[in-house]
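Enquirer: To convert a position in the sequence shown, counted from 1, into my numbering, add 1.
Hints are supplied without guarantee of correctness; some may be wrong.
[Stated by the list, open to error] Below 27 Å or equal to it, Euclidean Cα-Cα: the simulated DSSO-like pairs (lysine-lysine) are:
1) 149 x 91
2) 147 x 12
3) 24 x 91
4) 147 x 91
5) 149 x 12
Simulated from the structure, these hints should not be mistaken for laboratory data.
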Amino acid sequence: NITEKGHAFNKAVYLSDSWRIDKWLLDASARWENEDATNRVCNLTNQNTDGDPLTRYNNNVPVCNGTFATTNYDEDFTSWTLGANYDLSKQFSTFVRLNSGAHLPMFDDVRNGLHGSGIERISQAELGFNAVTSLYTAYLSIYTNKLKNSQFQQFQVGTGSSSFSATTESTGLEFEVNVRPVRNVDIAFSGDFARGRYVDSGNLSSNDVQRVPKVELRLTPSWRIPTDFGAFRLFGTWTHVGQRYSDPQNL
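Could you build all of it, start to finish, from the sequences and the hints given here?
Expert: So this is what it looks like as structure tokens:
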């Protein structure tokens, strides 16, 4: 059990605009955010709660020991995005986007000390294509991103869990297609192919990012049934998730 008490104040300012220039649609946005948090949490000591060494399940239970630790956190960050969309025709368009942002720590991150290693920073570049016709709609995007100081948790047999920070890079392709072959029938197909790796992370560098599959696919056919009582939708989904590692060491 954990006893904690705290408060947090989050302040943010947004600025966004877009411009239409012939076949181009340009947009730019920025967001300044400040997080000011104070957290008071009890310190833990492992105890044998029933005094019996034979009941191993409760021989080392973390219990509040009557002392407390106070952590103060005050940090700000500016995120931004730039995008451009070009209309190839009334039905087809292509786009590009650049993003830079951050994930400020939550109470649990502050309590576990993860805030001390810095803000989690995210940057991404994306190039894509859109199509909208009477027969189908389609979306295709090629992207690359980098997460710096990303937080991970690893579970270990007999020793519980541990947290660590690392830098990752991922490059991939994602798509969404919806086909309407006949009236009231839709076939949706979506998925992504990606390769996520640890970089600049010591012995983990070049390893695959834990719990991130290289491929995910989803197929959802559906049938819309109009009736006098309203429309019903009958559908089913097939999902495929590729192999992935459960640990950062890729064992």
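Enquirer: It remains to establish, for every hint, whether it holds in the given structure.
Expert: Cross-check of the supplied hints:
no. : hint     : in the structure
1   : 149 x 91 : violated (39 Å)
2   : 147 x 12 : holds (26 Å)
3   : 24 x 91  : holds (10 Å)
4   : 147 x 91 : violated (34 Å)
5   : 149 x 12 : holds (23 Å)
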